[in-house]
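Asks: From first to last, the protein sequence lines stand for chains A and B.
Read left to right, the first sequence gives residues 1 to 297 (the working numbering).
Read left to right, the second sequence gives residues 1 to 854 (the working numbering).
Just so you know, the hints here were simulated from the structure itself, not pulled from any lab data.
The reader is advised that the hints may include incorrect statements.
[Stated by the list, open to error] Facing chain B, from chain A, some residues (calculated, C-beta under 10 Å):
1) C187
2) G210
3) R211
[What the hints assert, rightly or not] Away from chain B, derived, C-beta distances all over 12 Å, residues of chain A:
4) D15
5) E89
6) E103
7) G183
8) C184
9) S186
10) G194
11) L198
12) N229
13) Q268
[What the hints assert, rightly or not] Output of the computed footprint for chain B on chain A, the stretches with three or more beta carbons under 8 Å from beta carbons of chain B:
14) 58-65
15) 108-116
16) 251-265
Predicted model only: the values in this text are computed from it and were never measured.
No residue lacks a Cβ here, since even glycine has one placed at the ideal position from N, Cα and C.
The primary structure of each chain is shown beneath.
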Amino acid sequence: MPRAIAPIPLRTHVDRTRAALGRRLFFDTRLSGDGSIFCARCHDPTHAYTDGRRRSLSLVPEASARQFNVPTLLNVSLNFAFGWRAEHETLEAQARSVIENPEHMGADWPGALHRLRADPALVAEFESAFADGLTATNVTRAIAEFERSLITPNAALDRYLRGDRNALSEEALCGYRTFHRYGCVSCHQGVNVGGNLLARFGIFGSPYEGRETLVPTDLGRYSLTGRENDRRVFRVPSLRNVALTAPYFHDGSARTLEDAVRIVARYQLGREVPEKDMDCLVAFLHSLTAPQPESPR
Amino acid sequence: MNRSWFHAALALAAAGLLALLLFLGAVPVERYAAVSSDLAGIKEADARLTLQVFETRLGLLWNYDGLVRETRRMRLLMDELRHHDEELGGEKSRPSLEALAGAVDDKLELVETFKTNNAVLRFNLRYLPEASRNLVDGIDQETALSTSTRRDLRRLVERVTAEVLQLMAENGPPPSDLPLNLAELAEAAATVESLLAADIERFTAFASLITQLKPKVDTLMGEIERVPVSARADALSAIYARQRDTLIRAVERYRWMLFGAAVLLLVYLTAVLVRLRRISARLQSTMADMQFQQFAMDQHAIVLVLDPRGIITYANDKFCNAVRMRRESVLGRHYRSFWPAGDAGVFEGMWQTLRDRRVWHGEISNQPADGGVLWLSATGVPFVDSEGTPNRYVVICTDISTRKVAEEQLRYQARHDSLTGLLNRRALERHLGLALEDAKRRHARHALLYVDLDQFKVINDTCGHMAGDEVLRQLGAELGRTIPSTDIVARLGGDEFGILLRDCQATGAIDRAQAIHRVIGAFRFVWEDQVFQLSASIGVAPVAPDTPSVAAVLASADVACAMAKEKGRNRIHFYEPDDQELQQRHNEMQWVSRIKQALEEERFELFAQRIVPVRAAASRPHYEVLLRMRDAQGRMVMPGAFIPAAERYSLMDRLDRWVIATALDKLDRHHRQLPAAEHPMLSINVSGASLGQSDLLEFISDRLRSSAVDPAQVCFEITETAAISNLREAERFLSAVRELGCQVALDDFGSGLSSFTYLKRLPVDVLKIDGSFVRDLCHEPLSAAMVQAVTRIAGILEIETIAEFVENEETLVALREAGVDYAQGYLIHRPAPMDEVMGLETVDPGRPRSRAAY
């Protein structure tokens, strides 16, 4: 029987020079319009590259309500598209969008590049990493390369899938089977256990039922395309390291894994999860937690 | 063929080739390969996507990683294709490319929709059996319902489950009663108790969802398969192929053109190379030749190279040696610095010629630092650059100093008299020519003096040639000192000098001539204890605008000089064109041809004049033989008319011989015709010119021997002047003639210098007293004294005397008193034809005569 979930390859090919440069930029406030924000402010390495908040911070206070929950950058390169609405096809485009977005980092490129050029060491690093040196494109390419290095290939499940029969606990193994039996794996499949397709949030009824206020972003891709078919359609998130990235969903509305599992079972699968299955499933989700990547220096 | 055109064409061809090369370099063959590869990749990804969609739908694939990979690949390939298409220009392919991109977008969107729907369908399907089981269990446990109801419900659920599964298993429309059953189930849910109702509703929802989704997913699959990505990729590929083929064909054509051009170039290059090799070989041999030639040239000639400013840029050893400088100091100097005193005109001419790009020949002289004169024969050759401007000049010079010195010497010699160092006749003529031109140009007047020394012969004959030469040298120097530097003295030959006086009228000329005459008179020549005083006869001729020629001037001066002599020497005679005497002199010139003609035509005749003893009775008849000429018209011409001309123009010799031969012939005839008669004595004149003739004596002795004449019958007369002028010859002649037995007489005695010292040296039998003394004997005491002196000396020397020109009794008496032995003149006998006088038969003109005698 073919496997729905694949292990992450142990070796990842990354340009270390560019990745190291990207890491420096990742912590560099000069990329933000007011010099206060840097990438790691929201994608905090100590929080598995999330910020632990329901919705991300915004430079524009009145826009705070429509921000998305910060997705982790761990294994982000294994996704088929980026952003909750799968609005970016490449990591570079995503990074550029975040840097330019006035609600996020609010940078203007001429200003940012001017600030970066004042740093000879940084300019030299760009010179060594790129033929054309310091440019806006190369800034995003370096950051994307850094992001590509954030791969966690050694979760218990990976070891299990590679043949280590004892890698999963009894309960996690039970959860792995339940995950299949419930049909969770229909969407959360592939090497990233999700992240490679779009799905409507709420097939059996709407999870927003009873909510008083909705923001446009709650409507998913609809907020981008305006097509009825795209209403509440989001990119299915990866479940890797999911235990480390609470709260959950695009709006951070699920505080715990149990909450998230319950809501997904109810609205996506049209069923309630018994206590026994819940424990198994949560144990399985924990088996997707992997050792954190070493940052290239 | 015009070479420049040919080269222009060649350059154009080369430029064309280069352009072709550039064009070929721009043919994006690899980009066509890239788009082909992109298109192939897109087709492959498309096929894989379709296949994986099928596999996914059929449950052969359980995750979307493969689909994601292919999707991403397809997007990447599309991006690449766009990029490559832009690189190819892409105007033609753009619509097809956009069509393909549209198809790809459609396909990928369909795939995304498929993924979403398929995921839902899949988990619903997976859950459906369990849901069905759970519902059936729930129905069985629902005791509130009747058994039949529960059974019906259970059957309905099982039937729906079976029908949904059947639907899933088959392609095609759902089983016809499935919607009805679903509706029935929904109805039942409303009738039963709440808890079960929810379960039924959920099951119904699953089944309905599957019923909805299955055809949707199948339709999607079909749509995905039908999206014409592959077809549009093919269409685009065909466009690219066409483009590429067109290009390749063009490239192929260009390649052949290139090949052809390369071959042509190669041929041309080969030809050029071959020619180059030939030229190179020729050049090498020429270079070697030139080096030899230069070496040879350097041995012979001075070689200089000048730049356009005249700075020396090359000088060979010869030049350095000639100027006695090191080459380092020669180079860089202006050439004129070596000829500081050179003729500026010559150099300017040379420079102008060279600048006009013409070859210059000429001579330049140089004075090296240590003196002497360096003469160079130079040839300057301009070398021009490609624009025709001279950029350097090569000057080749030969040292012609030796030749120049020799030439100078020759020129000097040609112009100067070697004895005195004065100018010679030719030089004087040249100066005369210039003076004449000058006279004509400026209407000026010059004068020519013709100076003849009166006593030169005396010195020459008494003291020898050495003394003669010395006196000429000293007097020449004296004359040179005397005249101003503007005037010119020349020696015309013998004891004659010519002096050109510039800018003087007739009176001035005579004054200056007198000054010169005084200088000559004051000059004393000392030779071996003897002191000689000199005098000169000077002829003066004007050089005036109307003077016809140089020859005329010379002749005039000569004539004037002769006149001075004729008038008694030691005087100056100014030439006057209307002077009758002078006119006569001029006529002499015409006499020459007349004399010659008369000789030819035998128009000379001999007359005789008797000479008689003054005191004693006559022993035998004595005649002086006189020469007469008949002119062409038969008129008698007296000797005074033609003798001077004959003397001047060297005809006297011939006339003398004719006279001697004819006279002796007549004597001989007298012997033959009148053997019994007393044979007369004849006095025959011999001119000074004949005295020097060595064979004249032989002629005379031959004549005497071959005739019956007694030599004692013959007396030869020489004028005193002729004897003094040619003292040595006269002495020899007179001695020889006396040895033959003839007598000799000194004619015109007293007219010349009348130096009695001569008489000691000359073996004379008779003195003929000059007629001028005889004529004036009775009127002039001086003449009488002269006659008496001569007679007395003759008496002492036992020489007989004859007086000529006795024209009256009075004179004859005086002569007798003076003691003169013989007399001659019109008083005694008028000259008459000789034959008549001697009583000979008239000569037959037709009688043959020995012409060889003359």
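Asks: Against each hint, give a clear statement of whether it holds in the structure.
Replies: Status of each hint after checking the structure:
no., hint, in the structure
1, C187, "5 Å, holds"
2, G210, "18 Å, violated"
3, R211, "22 Å, violated"
4, D15, "18 Å, holds"
5, E89, "7 Å, violated"
6, E103, "27 Å, holds"
7, G183, "3 Å, violated"
8, C184, "7 Å, violated"
9, S186, "4 Å, violated"
10, G194, "10 Å, violated"
11, L198, "5 Å, violated"
12, N229, "8 Å, violated"
13, Q268, "8 Å, violated"
14, 58-65, "violated (count 0)"
15, 108-116, "violated (count 0)"
16, 251-265, "violated (count 0)"
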